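Chemist: Sequence:
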Amino acid sequence: MMNQDAALVVNGITKRYDEFTAVDDLSLVVRRGRIFGLIGPNGAGKTTTIRMIVGITAPDVGSIELLGRPMNSELQNRIGYLPEERGLYKKMKVGEQLRFFGELKGLSGRAADEAANRWLEKLKLSEWKNKKTDELSKGMQQKIQFIATVMHEPDLLILDEPFSGLDPVKSELLKETVLELKAAGRTIIFSTHLMEQAEKLCDDICLINHARKVLSGSLREVKRSFGRNAVALRYEGEAKGVLDSRDLVASIKSAGDYEEVLLAADADSQELLRRLVASGVRVTKFEQVEPSLHEIFITKVNETS
242 MMNQDAALVV NGITKRYDEF TAVDDLSLVV RRGRIFGLIG PNGAGKTTTI RMIVGITAPD
302 VGSIELLGRP MNSELQNRIG YLPEERGLYK KMKVGEQLRF FGELKGLSGR AADEAANRWL
362 EKLKLSEWKN KKTDELSKGM QQKIQFIATV MHEPDLLILD EPFSGLDPVK SELLKETVLE
422 LKAAGRTIIF STHLMEQAEK LCDDICLINH ARKVLSGSLR EVKRSFGRNA VALRYEGEAK
482 GVLDSRDLVA SIKSAGDYEE VLLAADADSQ ELLRRLVASG VRVTKFEQVE PSLHEIFITK
542 VNETS
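First residue of the sequence shown? That's 242 in this note's numbering, and the numbers climb one at a time after it.
Since the hints were derived computationally from the structure, they do not count as laboratory data.
Check before you lean on any hint, since a few could be wrong.
As the list claims (entries may be wrong) - Quick list of simulated restraints, FRET-style, between CB atoms:
| hint | residue 1 | residue 2 | range |
| --- | --- | --- | --- |
| 1 | Ser-405 | Thr-540 | 21 to 29 Å |
| 2 | Leu-435 | Arg-273 | 23 to 31 Å |
| 3 | Glu-413 | Ser-486 | 40 to 48 Å |
| 4 | Ile-539 | Thr-255 | 23 to 31 Å |
| 5 | Pro-282 | Ile-493 | 28 to 36 Å |
| 6 | Ser-405 | Asp-498 | 28 to 36 Å |
| 7 | Ala-299 | Ser-486 | 17 to 25 Å |
Unchecked claim - Here are the computed lysine-lysine pairs in the DSSO-like style, where the Cα-Cα straight-line distance is at most 27 Å:
| hint | residue 1 | residue 2 |
| --- | --- | --- |
| 8 | Lys-454 | Lys-423 |
| 9 | Lys-454 | Lys-494 |
| 10 | Lys-363 | Lys-334 |
| 11 | Lys-331 | Lys-365 |
| 12 | Lys-464 | Lys-416 |
| 13 | Lys-411 | Lys-373 |
| 14 | Lys-379 | Lys-363 |
| 15 | Lys-526 | Lys-494 |
| 16 | Lys-365 | Lys-416 |
| 17 | Lys-411 | Lys-331 |
| 18 | Lys-416 | Lys-331 |
| 19 | Lys-331 | Lys-379 |
| 20 | Lys-379 | Lys-411 |
| 21 | Lys-365 | Lys-423 |
| 22 | Lys-372 | Lys-332 |
| 23 | Lys-363 | Lys-416 |
| 24 | Lys-346 | Lys-372 |
| 25 | Lys-541 | Lys-441 |
| 26 | Lys-423 | Lys-372 |
| 27 | Lys-363 | Lys-346 |
| 28 | Lys-372 | Lys-331 |
| 29 | Lys-346 | Lys-370 |
| 30 | Lys-454 | Lys-363 |
| 31 | Lys-370 | Lys-411 |
| 32 | Lys-346 | Lys-423 |
Treat the numbers as computed from the prediction; the structure is a model and nothing was measured.
By construction, the Cβ of each residue, glycine as well, lies at the ideal position given by its N, Cα and C atoms.
Given these sequences and hints, build the entire structure.
Modeler: Printed below as a string of structure tokens:
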């Protein structure tokens with residue numbers, strides 16, 4: 242599988258543990274300089290997929306390429322991996338720990354210290370540099386592990402449930418930082434079961450359920466292909482005769498100060514607008530409503546469960 246625009250190509254990987262298949266014939270392409278959402282319910286196979294990409298375990302079948310080359314130990318240093326299960330040394334000082342992790346990724350001690358200082362200042366943690374890890378809150382520890390993940394300037398950054406346990410302020414800071422890394426040309430894989438975060442961050446997605454790929458593509462393509470035809474409608478006057486038309490309207494639900502109208506199969510939203518105006522009502526809001534990633538996720542997971 243060749244793709245000049247690809248940072249990562251995963252081709253037909255499978256991983257079994259005795260009779261249990263954790264990942265089944267999975268293929269995906271992660272394009273350079275984009276945020277790729279690896280999404281799915283807990284236990285779907287996301288973390289096992291990541292563990293194969295970073296070399297913690299090997300696929301039973303299939304291949305993985307990074308930057309156009311088969312994955313090897315040299316290329317592993319071009320990946321930054323933030324696992325869901327955090328792994329800091331509790332009694333080690335923050336600065337010493339970051340130097341250690343930087344050296345593991347090929348940085349000199351001096352370069353590691355300089356990178357650590359830059360990131361500690363950026364994430365407002367400089368005053369904690371000489372504190373032991375177990376003196377930090379869970380959120381601070383998570384930010385330290387994030388620094389350890391990015392300080393060697395990896396080409397591919399893999400974040401497994403990065404917002405788990407963070408309060409809204411820390412989550413927003415981390416989100417801004419991830420977007421800055423993308424703007425700087427980094428390629429990012431973001432693994433989560435939280436669809437709201439994925440929708441805000443991701444350019445492309447792959448939904449996994451029961452070890453298999455359910456759908457994939459750009460977020461825009463996925464939404465467009467979902468086939469949901471709905472409009473957000475606010476109006477003044479009496480429109481019951483129009484909204485009761487089964488050839489136009491499948492269902493209506495309240496959404497605060499407007500109604501969300503799901504159109505009947507093959508119905509044209511412009512025909513609905515024309516009939517509303519002809520009926521004499523004053524339309525103050527009329528816009529297409531895209532399905533949320535959460536809605537797509539629930540529908541697809543239910544279809545494959």
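Chemist: For every hint, state whether the structure bears it out.
Modeler: Evaluation of the provided hints:
Between Ser-405 and Thr-540, the C-beta spacing of about 25 Å keeps the proposed range 21 to 29 Å intact. Taking 23 to 31 Å as the suggested C-beta distance range, the pair Leu-435 and Arg-273 conforms, at roughly 25 Å. Taking the beta carbon of each, Glu-413 and Ser-486 are about 44 Å apart, inside 40 to 48 Å as hinted. Ile-539 and Thr-255 have their C-beta atoms about 27 Å apart, which keeps the hinted 23 to 31 Å range intact.
Restraint check, Pro-282 to Ile-493: a C-beta distance of roughly 30 Å satisfies the suggested window 28 to 36 Å. Under the hint 28 to 36 Å, the C-beta atoms of Ser-405 and Asp-498, about 34 Å apart, fit the expected range. Our hint of 17 to 25 Å for Ala-299 and Ser-486 is violated, since their Cβ atoms are close to 59 Å apart. Taken as a hint, the Lys-454 and Lys-423 pair is honoured in the structure, with Cα atoms around 25 Å apart against an allowance of 27 Å.
For the hint pairing Lys-454 with Lys-494, the CA-to-CA distance comes to about 32 Å; that exceeds 27 Å, so the pair is violated. Between Lys-363 and Lys-334 the alpha-carbon distance is near 19 Å, which keeps this suggested pair within the 27 Å criterion. Our distance criterion of 27 Å between C-alpha atoms is met by Lys-331 and Lys-365, whose separation comes to about 20 Å. Of the supplied pair hints, the one linking Lys-464 and Lys-416 holds, its CA atoms being roughly 23 Å apart against a limit of 27 Å.
A C-alpha spacing of about 20 Å is found between Lys-411 and Lys-373, which places the hinted pair at or below 27 Å, so the restraint holds. Pair hint Lys-379 plus Lys-363 holds up; C-alpha atoms about 18 Å apart against a cutoff of 27 Å. Between Lys-526 and Lys-494 the CA atoms are separated by roughly 15 Å; this keeps the pair inside 27 Å, and the hint holds. Between Lys-365 and Lys-416, the direct Cα distance comes to roughly 15 Å. Compliance with the 27 Å bound is thereby established for this hinted pair.
The straight-line distance between the Cα atoms of Lys-411 and Lys-331 is roughly 21 Å, inside the 27 Å bound, and the hint therefore holds. Restraint check: the Cα-Cα separation between Lys-416 and Lys-331 comes to about 26 Å, which is no more than 27 Å; the hinted pair holds. A threshold of 27 Å between alpha carbons decides the hint, and for Lys-331 with Lys-379 the separation of about 11 Å falls inside it, so the pair holds. Distance restraint check for Lys-379 and Lys-411: the Cα-Cα separation of roughly 11 Å lies within the 27 Å cut-off, and the hinted pair is therefore satisfied.
Of the supplied pair hints, the one linking Lys-365 and Lys-423 holds, its CA atoms being roughly 21 Å apart against a limit of 27 Å. Between Lys-372 and Lys-332 the CA atoms are separated by roughly 9 Å; this keeps the pair inside 27 Å, and the hint holds. For the proposed pair Lys-363 and Lys-416, the alpha carbon gap of about 13 Å is at most 27 Å, so the pair holds. At most 27 Å may separate the alpha-carbon atoms for a hinted pair to count; Lys-346 and Lys-372 meet this at roughly 23 Å.
Simply put, Lys-541 and Lys-441 have alpha-carbon atoms about 20 Å apart, close enough for the 27 Å limit, and the pair holds. This hinted pair does not check out: Lys-423 and Lys-372 have alpha carbons roughly 31 Å apart, beyond 27 Å. With a CA separation close to 21 Å, the supplied pair Lys-363 and Lys-346 stays within the 27 Å bound. Distance restraint check for Lys-372 and Lys-331: the Cα-Cα separation of roughly 10 Å lies within the 27 Å cut-off, and the hinted pair is therefore satisfied.
Only pairs whose Cα atoms come within 27 Å are accepted, and Lys-346 paired with Lys-370 is accepted, the gap being roughly 20 Å. In summary, the hint linking Lys-454 to Lys-363 is not supported, as the alpha carbons are separated by about 37 Å, beyond the 27 Å threshold. Taken as a hint, the Lys-370 and Lys-411 pair is honoured in the structure, with Cα atoms around 18 Å apart against an allowance of 27 Å. For the proposed pair Lys-346 and Lys-423, the alpha carbon gap of about 21 Å is at most 27 Å, so the pair holds.
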